[in-house]
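Student: Take these sequences, add in the hints, and give me the full structure.
As they're listed, the protein sequences go chains A and B.
So the first sequence is numbered by numbering that gives the first Met the number 0: it starts at 0 and just counts up by one.
So the second sequence is numbered by numbering that gives the first Met the number 0: it starts at 0 and just counts up by one.
What the hints contain is simulated information worked out from the structure, not anything from laboratory work.
All of these numbers come straight from a predicted model, not from anything done at the bench.
The reader is advised that the hints may include incorrect statements.
[Said to hold, decoys possible] List time: in silico BS3-like cross-link candidates among lysine-lysine, alpha-carbon distance up to 27 angstroms:
(1) B:Lys255 <-> A:Lys96
(2) B:Lys251 <-> A:Lys96
(3) A:Lys96 <-> A:Lys86
[Stated by the list, open to error] To spell it out: a stretch of chain B is covered by chain A in this simulated footprint if at least three of its residues, at any positions, have a beta carbon under 8 angstroms from a beta carbon of chain A; those stretches are:
(4) 254-265
(5) 312-325
(6) 372-383
Cβ coordinates follow ideal geometry from the N, Cα and C atoms, glycine included.
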Amino acid sequence: MNAEQASNTLDARALQTTYRRLRSRLSQWVDRSPRIMFLLPAILIVLFLSVFPLIASIYLSFSRIRLVRGGYEITFVRYLNYRKLLKGTEERHFLGKYAEPSDFWKAVFVLLVIFAAYFVVYRFLKHLRHNRFNLIFIGITLLFSIGLAWLIPTTLTGQLLPGTLEIRELMGKYGNPPSLWRTTIFWSSIGLAAYYVIVQWINHAPINIFGFAFRVATVGFAATLLWLALITLNDDGLPGTLIVTFIFVFIGIFFQYTIGLGLALLVTQNLPGRRFFRVIFLLPMMITPIGIGFLFRMLTDTLNGPFSSIWRAAGWADFSWVNTPFGARAAIIIGDTWQWTPFAFIILLAALEGTSQDTIEAALVDGANRLQLFRYIILPQIIPVSTTVVLIRLIEGFKIIDMPQALTYGAPGTASESVTLQIYNSWRALDLGGSAALAYLLLVVSTFVAVVYVTIIRRSLLERFQ
Amino acid sequence: MKLMKSMLVFIIVAVIAASNAHFTAAQDKPFEGVTVELLTFTGPQVAEPLQRRAPDFAELTGAKVNITTVPNSDLYQTMLTDLATGTNSYDAFLFAPQWIVDFAVPGYIEDLTPYVENDSALEWDDIAPFFRDFSATFEGKVYSIPLDGDFHMVYYRSDVLAAAGLEPPRTWDDYLAVAAALNGTDMNGDGEGDYGSCISKARSQQSYWWIISIAAPYIQSKGTSQGAFFNTDNMEPLVNNPGFIRALEVYKETNKYGPPNELTANVGDTRSLFITGRCALTLDWGDIGSLAVDPEQSVVQDKVGSIVTPGSTEVLDWETGELVACDETTCPYAIDGVNYAPFASFGGWAGSVNAASDQKVKDAAYAFFSYMSQPAQANEDVTIGRTGYNPYRISQFENLDRWLENGFSEAAAIDYLGAIEASLNNPNMVLDLRIPQNQRYEQVSLDLVLSQFLAGEFNAEEAAQEIYDRWDEITEELGRDDQLNAYRATIGAE
Chain A
0 MNAEQASNTL DARALQTTYR RLRSRLSQWV DRSPRIMFLL PAILIVLFLS VFPLIASIYL
60 SFSRIRLVRG GYEITFVRYL NYRKLLKGTE ERHFLGKYAE PSDFWKAVFV LLVIFAAYFV
120 VYRFLKHLRH NRFNLIFIGI TLLFSIGLAW LIPTTLTGQL LPGTLEIREL MGKYGNPPSL
180 WRTTIFWSSI GLAAYYVIVQ WINHAPINIF GFAFRVATVG FAATLLWLAL ITLNDDGLPG
240 TLIVTFIFVF IGIFFQYTIG LGLALLVTQN LPGRRFFRVI FLLPMMITPI GIGFLFRMLT
300 DTLNGPFSSI WRAAGWADFS WVNTPFGARA AIIIGDTWQW TPFAFIILLA ALEGTSQDTI
360 EAALVDGANR LQLFRYIILP QIIPVSTTVV LIRLIEGFKI IDMPQALTYG APGTASESVT
420 LQIYNSWRAL DLGGSAALAY LLLVVSTFVA VVYVTIIRRS LLERFQ
Chain B
0 MKLMKSMLVF IIVAVIAASN AHFTAAQDKP FEGVTVELLT FTGPQVAEPL QRRAPDFAEL
60 TGAKVNITTV PNSDLYQTML TDLATGTNSY DAFLFAPQWI VDFAVPGYIE DLTPYVENDS
120 ALEWDDIAPF FRDFSATFEG KVYSIPLDGD FHMVYYRSDV LAAAGLEPPR TWDDYLAVAA
180 ALNGTDMNGD GEGDYGSCIS KARSQQSYWW IISIAAPYIQ SKGTSQGAFF NTDNMEPLVN
240 NPGFIRALEV YKETNKYGPP NELTANVGDT RSLFITGRCA LTLDWGDIGS LAVDPEQSVV
300 QDKVGSIVTP GSTEVLDWET GELVACDETT CPYAIDGVNY APFASFGGWA GSVNAASDQK
360 VKDAAYAFFS YMSQPAQANE DVTIGRTGYN PYRISQFENL DRWLENGFSE AAAIDYLGAI
420 EASLNNPNMV LDLRIPQNQR YEQVSLDLVL SQFLAGEFNA EEAAQEIYDR WDEITEELGR
480 DDQLNAYRAT IGAE
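Tutor: In structure tokens:
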């Protein structure tokens, strides 16, 4: 055996060892990985099914689609579809017609924004020690966030306070906000963030720049929506589909929750026939929404509907309440409430039946009255479920379409048209890009509302009651 | 190869058809086993005669015609998506002939010229020239068979107006005056006040054409080729001007004299209000004339007069953008100082055939439309109110017998046909839009803004500006020069 042979044998042995090691690695890996091996295709399919349409529809919202022979033709038009909605021919339809609100409402707006800034931003910093330096910081933070919250909506809608009218003229009707304003917004946000970081660092406090930015943005976004509501919901203005949808969602949920809770409380009492009513109260939820739309359309028809004789006897033959803007919206809210109160009812009923009897009995022994019993014993126990019910209805509510479509067709004019109905109408008019853009704006708004609700409102409600 | 083959089949069929002109009435059933899928809008009018006569046609030819209906506001999109994507679930369409441009240019619908040339039973020359030209023909080729003739007219209760000592309205101001004077009068003897004017104003229905009838006499005064929609120089929409704004104001003022639910009433609702004696005036297509004599529904037989849509004594000066009084130069076609501009709204339902269907099916589909349009069938259908079909054949105007058989008194028939003929023969008649994608201008944009305007969301100036912006945006998107050329060609502007 010469040296060469020896080295060959060594090599062969080394090779063998490596091979053995590799094989055992592979077998180990195979042992470990079937989970991934079997799951991966499924995950890929799910990703494809859920993510691909999302990306494709984002692309569509930046395109214009035309039907041509043999299919369709897609042209990339950049942000034109969005500009049409926010600053173009669909602006009035989607956002509404603007008019300056009265001084009273302006004052209400300022107070609400200060309250929101305090509630959302200041409370985020409440771990700060109250030395003079921190007080100054808090003051500046509040001022900054109010200023920012003010700037964003007013520049977006071009509606400024009196005294700044010359700036509005500067901006023109559909022009972009002037660079002065954009620069101000940009630098004040940067400045605010830097200030926050420095002060937290000096105080040895944790720095959560994302949380801070989210909260400031929340105030800005909420202020924008509020400002939009104020400048469109007055005598000279006209709410667009966005604000109308908010009206449906918030007023509808308020009634659905309160009536549902009331009914659930009634059914948990030992009243005769409660089992029967438990079933009866559930029925509306089982009916197709579009059917309920047509049902209410018939009921609200004051000319040929079932109540027409009563209506005529009352001397209102020449008046049709569903043909007024707020009448039409009210009719839709009534129909929606009729349908979805059972949902709140059934879940709150389950929550009420799950409350612990011991604490209730203990409270009764201690002499609590019914109001105190509800406020201090029952409410804290059903708050988690309540906030979940509201969240589910909130997400569902933004998609309302059947009721306005069947009940009023969005009439009179567009007074009762929801965003989803507007999406449907523009899709039906073959404006697929425009309807995709609108659908994305609705997604942004409803996601924002849901996230704010979960992270800020729901959390603080739970903290308060538990 | 496929093209050659289909051409060969076509030639054979054409030869057979030519050698046997009355092929639809042939002894053996030529279309045995053929099924035609036909798409039209949810009537009940318009679809009714198709559904009623399809079994007769099957009896005669063996072809089974299935009729599918969709809401009026979905018809265009359903057709376009079906044809463009190559789904081809429908072989035949009964639709608005003003949309022909969008279907003929890409070649979705069959050129029916050879069919018509070889079909003597159709009596093509009997169809009034306007409908042959406007409803059926595009760029010299026949693409559709008219089954309906459409004009806006004003109907009035002759007994009620006479009792109040009022004349039928000549201008839109007269219309408002008559409506105001008669609003609240009991017109059907039930002791309750009725309405001065009923006009259907529901969104997503067929309401968006009325405003054009009202605006046209203020805008178009120099003959059909002047046009009433766009400036023929630069495609600027003719809506942001005192004439159109005045028309919007008139339109809105009619709300005051109408039923409380007028904003959600469709044409079916207002027609039934009028023939049950609840309105003094109404604006409609030709349908009320024949509905009013239907003894089953109507309580106003021989109490209805029909007139050309009212005119105006002031017209828009296109140069200055102001309203000026009518004189010989401003209104060359004025009658007694009133400029009339009757509006051939919509053009009447017409049938087209899907070019992608099998030749046998295309023949059967064509044969069905031909059958529906032949005088033997059509001249009866136009006299029946519920069909929704209005006269479009010369023989229908000249021969009163059919009208009298179906319940018209001679006076009523002469009055009704006279109003249509007067519209048809008016040199200042207004043609409906036929430019590419006219459906977006009218059915999508105009319809939306009008509904917002009527609901009080816009004042007249804002609404006019809004229509202007939306129309201009569509023009811009589709190409201003192309649209302008198309527009000039369709109205015959020099």
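Student: Indicate, hint by hint, whether the structure satisfies it.
Tutor: Right, here's what the structure says about each hint:
{"no.": "1", "hint": "B:Lys255 <-> A:Lys96", "verdict": "holds, 25 angstroms"}
{"no.": "2", "hint": "B:Lys251 <-> A:Lys96", "verdict": "holds, 20 angstroms"}
{"no.": "3", "hint": "A:Lys96 <-> A:Lys86", "verdict": "holds, 12 angstroms"}
{"no.": "4", "hint": "254-265", "verdict": "holds (count 5)"}
{"no.": "5", "hint": "312-325", "verdict": "violated (count 0)"}
{"no.": "6", "hint": "372-383", "verdict": "violated (count 0)"}
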